[in-house]
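Asks: So the chains spell out like this:
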Amino acid sequence: MAFNGHQRDDDDIIDENETPSKQPRSDKEMPVHFRNEPNSESATTAGRATSDRRTSQSATRHRHDSVKKTRPPFPWFGMDIGGTLVKLVYFEPKDITAEEEQEEVENLKSIRRYLTSNTAYGKTGIRDVHLELQDLTLCGRKGNLHFIRFPTHDLPAFLQMGRDKHFSSLHTTLCATGGGAYKFESDFRMMADLELHKLDELDCLIRGVLYLDSVMSSGPSECYYFENPADPDHCVQKPCTLENPYPLLLVNIGSGVSILAVYSEDNYKRVTGTSLGGGTFLGLCCLLTGCSTFEEALEMASQGESTRVDKLVRDIYGGDYERFGLPGWAVASSFGNMMSKEKRESVSKEDLARATLVTITNNIGSITRMCALNENIETVLFVGNFLRVNTLSMKLLAYAMDYWSKGQLKALFLRHEGYFGAVGALLELLHPS
Amino acid sequence: KAKNCGSQKVFHSHVMVATNGSCCSSSSSNAFGSSTVPSGSGTFENMHHLHRGDDAECNGSPAKRCRLRRRTESVRKHRPPFPWFGMDIGGTLVKLVYFEPVDITAEEEQEEVENLKSIRRYLTSNVAYGKTGVRDVHLELRNLTMCGRTGNLHFIRFPTQAMPRFIQMGRDKNFSSLHTTLCATGGGAYKFENDFRMMADLELLKLDELDCLIRGLLFVDRVGFNGHPECYYFQNPSDTQSCVKKPCTLDNPFPMLLVNIGSGVSILAVYSENNYKRVTGTSLGGGTFLGLCCLLTGCETFEEALEMASKGDSTNVDKLVKDIYGGDYERFGLQGSAVASSFGHMMSKEKRDSISKEDLARATLVTITNNIGSIARMCAVNEKIERVVFVGNFLRINTVSTKLLAYAMDYWSKGQLRALFLEHEGYFGAVGALMELLKTTEDP
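Residue numbers (the UniProt record's numbering), protein chains in the order written: chain A, 1 to 433; chain B, 1 to 444.
Since the hints were made in silico from the structure, they are not lab data. Please note that a few of the clues may not be correct.
As the list claims (entries may be wrong) - So these bits of chain B aren't anywhere near chain A, every CB distance computed over 10 Å:
#1 Gly91
#2 Ser342
#3 Lys439
Claimed, not checked - Quick list of in silico lysine-lysine cross-link-like pairs, BS3-like style, CA-CA up to 25 Å:
#4 Lys351(B) - Lys123(A)
#5 Lys343(A) - Lys414(B)
#6 Lys269(A) - Lys206(B)
#7 Lys277(B) - Lys183(A)
#8 Lys277(B) - Lys406(A)
#9 Lys131(B) - Lys183(A)
#10 Lys343(A) - Lys351(B)
#11 Lys123(A) - Lys357(B)
#12 Lys349(B) - Lys183(A)
#13 Lys343(A) - Lys357(B)
#14 Lys349(A) - Lys131(B)
#15 Lys191(B) - Lys341(A)
#16 Lys277(B) - Lys349(A)
#17 Lys349(A) - Lys357(B)
Note that beta-carbon positions come from the ideal geometry of N, C-alpha and C, so glycine has one too.
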């Protein structure tokens, strides 16, 4: 059956999604919802994410259509369960016909309403409205893509909600990536009767990055860089795209850091990683300053002076260490002044927060630069939620890449920072690879 | 002509030494650079090695003539006058090496000027100086021959913070009357140059710290540690039960990756004694470990910090791969026990309340050490060097870190890389500076 005026089979689906334009949906098309058929079997027969595995108990025309079209039933989620945060992307269809709406099962409708009419969920869940992608076409449906996050610590509450809303009756599997997809697999099964389709976080990351960059929207460009990073008065954000992005060094800064060399969509390697990541920044800040959240830590850092805390080259040399090109203002020893009681008593919490931020950021920058040099890659893309609302680190990274490489390396950033894994998981749901 | 321990460029004519070596009025006056001729004492001679030894100004006692003759011999043999020091003024510690001659003849002893004798006695009969100076007796190199003299090489350290007091002592002991220049390396040689000049009338011969490091390291490895090897490694680093320290030498040492862990870290690729490059560095070094420990635990010294670390458990503080994955992250070969996020548990108040200061000290040590190991490994791979030598005072009495580094090099490289260590850890820069002083004559 035709659909969007296109012939539908597996191969086509891939094409549709890759094109940046949004395609109108034909009236003739059938909605893909199916009637709720509570059947314990459906939960246990769940398998890997191909459309085939979706239960065929329902006799509805819609389910059959959906299977034929290899389009999974709503709701469409992608989930990335990280060390600190759970990232959730949710596709809200906007092209629901009256008929479809009428058939829509109650709990599906309630989920849709709950997610789209709130921007906060419980005490810690947040929908990043400014990141919403509107009028997106995915898998032949038109809608908005929502970006939601909550601490991994609160996953039990999320599971409980999934159970209360009978999520399992709608959807036997959920595409999930990140370490938590493995760690919490049995919790999902036990507590909410949900089967996770586990995906590798780095596969999903790359897939999500490439997809979001290619999507054209009326909003701001996904990709950007900083012009004049060394000049605070003239440092500006400038848009760019990842056209011909390969090879690319992708630095994912979450709780920890992974550094990938990406040669093509399907060809990448994990070069290395470092355990000094966003989790280190937040953990150390909480210990050193008494703050409790990432936002507090950043706020303090923005007001502090790290040079009171760090020992600079000039503190040791009295100036530059010219022989090896180390300027006097470069940090020789992070937190190096803190071995002195006098200095410890003279710094503020803000100074400590700033020093922690600078130390972690510069270490990542330094390691990244070494990798870029070794892999012979000039373009470096920084992602991950450490950079969320963290212009300080982004500018520092932009500056460090530029300065220490004498202009050879360019640092790029993406607006959706830490959500790419979840997007990649969603894409796997819709276009299984 | 013979190279002075002070290069001609830095010689200042106002620094004069009387032939009897006694305190010349020059040292007490005009410390601020004016080139006035000291008044009062009869004769004095210029200590510059361009001195030919045939000065006419040699009236006075036979002792005086003797000293002059000996000094002339010294000059002819291109040997600088005693005392022989090498100094490395780092970001946290000053490292001083002192050569104590043991082949002093009765005659020489008789001639020896008072303040020189007093310096020698002070240094060799104490193991602690003031509140913070320490002589590492266990590192003493005995019966060493340097520049034709036999003696013991002593290794002394004190905090850079105590530098003003050291300079004051140099002034009080009229050090400037003995020695016009002092070979010094490290950033402090530049930073404190003026202070030495102003406060103690001493001219520093400034040397690059990395040049000195390499020179000193190769020398000590060559002469050995009182008959034992200077260099060692760990066998079975991955096995805590059977991990043993084993001696080795740096035969055919090149190429080597040299990782110097002081306040900060420098990583050098060394191809030959005179051919090396600084590959990179990191600011997360020994100073970071100590600074963070002081902040997190309230400790005050390196020794306290290590003591605490030896008793703590860093896995209570760090978020491991298994905390995120529930096990290994097999796809990329990351074991569940690997650290995914250092201090990653500390964002949780509950966990913060449950850990001890010892755990925090341990986590700080492990974090800094592993970061250095990781960066060193990347450099070794890029530079295609298999031997990684770790030096610097961060490793002083720090077996936790040395073993961790040995393990990390071995494990992450699947046995390709080997970590080597040296007993004299942080003193090589100072030794290299001493060697520069003695440069024209070097005994095998």
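Asks: Does each hint fit the structure? Answer for all of them.
Replies: Comparing the hints with the structure gives:
no.	hint	verdict
1	Gly91	violated, 4 Å
2	Ser342	violated, 5 Å
3	Lys439	holds, 19 Å
4	Lys351(B) - Lys123(A)	holds, 20 Å
5	Lys343(A) - Lys414(B)	violated, 43 Å
6	Lys269(A) - Lys206(B)	violated, 46 Å
7	Lys277(B) - Lys183(A)	violated, 45 Å
8	Lys277(B) - Lys406(A)	holds, 18 Å
9	Lys131(B) - Lys183(A)	violated, 54 Å
10	Lys343(A) - Lys351(B)	violated, 29 Å
11	Lys123(A) - Lys357(B)	violated, 31 Å
12	Lys349(B) - Lys183(A)	holds, 22 Å
13	Lys343(A) - Lys357(B)	holds, 21 Å
14	Lys349(A) - Lys131(B)	violated, 31 Å
15	Lys191(B) - Lys341(A)	holds, 22 Å
16	Lys277(B) - Lys349(A)	violated, 39 Å
17	Lys349(A) - Lys357(B)	holds, 19 Å
Checked against the numbered hints listed earlier, the structure breaks hints 1, 2, 5, 6, 7, 9, 10, 11, 14 and 16; every other hint is satisfied.
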